[in-house]
Amino acid sequence: MMEFSWIIPLFPLLSFVLILFFGKKLKHFSAYLGIGFVGISFVLSIFTLIERFSNPTYKKEFIWIKIGESHLSAGYEVNQLNALMLFIVSLVSFLVHIYSNGYMKGDKRFPIFYGYLGLFTAAMLALVISPNLLQMYVFWELVGLGSFLLIGFYNTKESAKEAAKKAFIMTRIGDTGFLVGILLLYSKVGTFNFNEIFYAVQAGVLSPRALTVVGLLIFIGAMGKSGQFPLHTWLPDAMEGPTPVSALIHAATMVAAGVYLVATMFPLFVASKTILLIVSIIGGLTAIFAASIGLVQKDLKKILAYSTISQLGYMMLALGSAGYVAGVFHLTTHAFFKALLFLAAGSVIHAVHTQNIDEMGGLWRKMKFTAPLFLIGTLALTGIPLLSGFFSKDEILISVWNHGNPFLFIIAIVTAFMTSFYMFRVFFIVFFGDTSENSKRAHESSLWMIIPMFILGILAVVSGYINTSWFGTYLGNWILDGNEYIKGTHESASTWIMSLGVIVSGLGIYLAWEIYVRKNQKLLRFVNPEGTTYRILSNRYYMDEIYGVTVVPMTRFFSIFLSFIEIVFVKGIMKLVVYIFSLFSTIFIKIQNGQAQTYGAIAFLGLAIVIFLLVLTGGYFKWIL
Amino acid sequence: MENVPLQAYLLLALALFCIGMYGALTKKNSVIVLISIELMLNAANINLVAFSKYGVLPSINGQIFALFSIVIAAAQSAVGIAILIAAYRNKNTVNMNLFNKLKN
Amino acid sequence: MSGEYIVFLFLSLVAVSSGTLMLISKKVMHMMVALIFTFISISGIYILLSAEFIAAVQVMVYSGAVAIIMIFGIMLTNHHDSSRNKAPLIRRLLVGISIILFSISMYVGISHLKISLAEVALHENNTEKIGIALFSDYVIPFEIASLVLLVALVGAIVIAKNDNVEGGNQ
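Residue numbers (this note's numbering), protein chains in the order written: chain A, 863 to 1487; chain E, 116 to 219; chain P, 8 to 177.
Among these hints, one or two may not hold up.
Heads up, incomplete: computed chain A residues facing chain E, CB under 10 Å, no partners named [as the list claims (entries may be wrong)]: (1) Q1459; (2) T1460; (3) G1462; (4) F1466; (5) G1468.
If you are wondering where the hints come from, they were derived from the structure by calculation, not from laboratory data. Idealized CB from N, CA, C, for every residue including glycine.
Extracted from the complex, chain A is given alone in its bound form (with noise of 0.2 Å):
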């Protein structure tokens, strides 16, 4: 299977093009299409993953341009990461298919839905088994245009269209970093393959500058796609997509596909201490930077965004401090129980029309499904012993403790407390808090919406079961096998740290519950709507303001200069050309007044001083020769 694998990514892509064609024929038989061609994506990436257990990495690469001695190459790879990537995605991807039968029933658009679907699904697969750095980057590319398109779906919507553009554009700046270091790495190395850079940057071609800015270079991208701050705030507005939408982008693909960029280049970056130590500090600041601010949060799934900017800080900081197989196996976990999450979310936002967690309250009866699964997603979040999230924050925490950074410890404990905080603050408010008036007419959703949550239920609870230090670290033994650049980075357990990571969770949980349902007012003081603090949280550290005095007036003044520059110069020779052809053209327009006397004049003119300079040169076209 792993030599076809390269048919995975083709099959979205079919449905895309078929949707776009036939769309407005296939009506509401495109969703089914769709998720038909999602299936045997899915199907064939079980079939890759399970025979890339025991056989070794696939490889096939075919030389795609040829320019002087250098030749580029594009093909296919399965390795242990891609395959794992490919299972991830295309389950995802087929969950969200099928879950948004239910839950964009109805739309205008819905075909466009499902193409742009099959778009961004095809992109990202076909991303996760690029075999080099230029092919990833042009499906890197692709991933955010699907993006763009279907965070912008609700094209009526002003803000719909503001969001998109600001992931669009915001990604652009990471990507423009990314671009610039993979071109440096090949003016350094020389190569696109990653085997090849890997081998050249163990060799020690690089000089340990030109790796730092290499890695860095290639980490802004990974920033801009993964919302690290602090290119992170069109992530937060991205939630203006349809929600199926938030949970394809931003639990498990596109977001993940910056951590997988790091994941793939470790070598690169474990090569450099410098760049490991600003890929923790970064990881790290935003994980708790984006907790702090899901603390106080209004919006449902702004809360689950900005907890997946935090749960993506981890993984970045546990990238960072040579935690691979934590990273890989959190960016698992995390994969399901968010996309758990946000399904679940959008099925009570779908049940109650609103996604302010004010005007929700008491769903808990209504809700029988969407309700427990909910909880099992905030469970595996917060880090609740025996599930998923629990073993890979684990793992987390080790590697930061292992890795010897005392800080970045502490900011990850405080993380993991913040994060079962105000994930159990929304779960209370939302399925306990006083019932309102949306959430009266409230009802269960549909079989469509309930399957898909229920697997990934299902998922969020036993997927950490891959990798335990108690049953076997079966991912992590299998990760490394045979990766010669990655050895060592598996980290030993510590029985203390694991309490340690409960203890605040449990703790993060009972205030919540102190607050929220038991309502005590000593601990309500902190979280006076009226206090500095809060008002700075509920206002996202008044980054977006920020951005709004400085990188704005400072982009606008430049492109104020830009702009200068066009109407003199650019503007300036336009007109000047345009000038020069129209004083022709009223020339020639008297000339072409219709009468064949005209133009016999003109031509037997033209003839009369072509053989004139003949006679004058000598003739005999002597002055050519």
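With chain A held as given, fit chains E and P onto it using these hints.
Then chains E and P, alone, in the frame of chain A:
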């Protein structure tokens, strides 16, 4: 006894050709334009016949060509006049200025 | 100065001056007369060039047929405004410049022309020679020429035929 040089004939032909060209390109009356074209053809015929006598390889062939040229010129003038009459019937004029359909 | 020179100068003078007359005369009929003079003097030139047959054809075809056709053309079309309005000055100027340039170039070419004269007796049995050449070497062009004449004849009739009147009558 000395012959008239070839150059003299060629210059005569050149003069006639230039007169014909000027008439063809500047005259308003389309009949005159046709006549001028005939004049130009005649100038060419003079060249042909002159070369047939004083050329590099003098032979009868030049005269034959002149003959064919006359034939074609006659046919051309007949068709030309026919077109002119048809155009006149449509426009009720033979003024070249008004034959400007080429513009559109 | 031989007689040939005198005759040539006379004929060429008549040809060029009547050509010029054709250009500057006001009335169309005067132009036609000038044209016939030109044609006839050109036929004289042909005789000087030992081409009696061509000269005869010239007189018959041009001075006869073509001139008559042209006169018919003039008669059939209305010519009260014949050559009153001239072409725009700019075009006349342009054409004049072109012609001067052209003449200069051609004159340079002609004056540089050096062909050794190797006279052949074309004037002896000229018509017979032409006939032999036409029906031996040039028989196919000759036949094609007859075809062209036929096509021109039919074409001229078809073009000049008044469709509207015929359609109206029948």
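Hints violated by the structure (listed by number, smallest first): Those not satisfied come down to hint 5.
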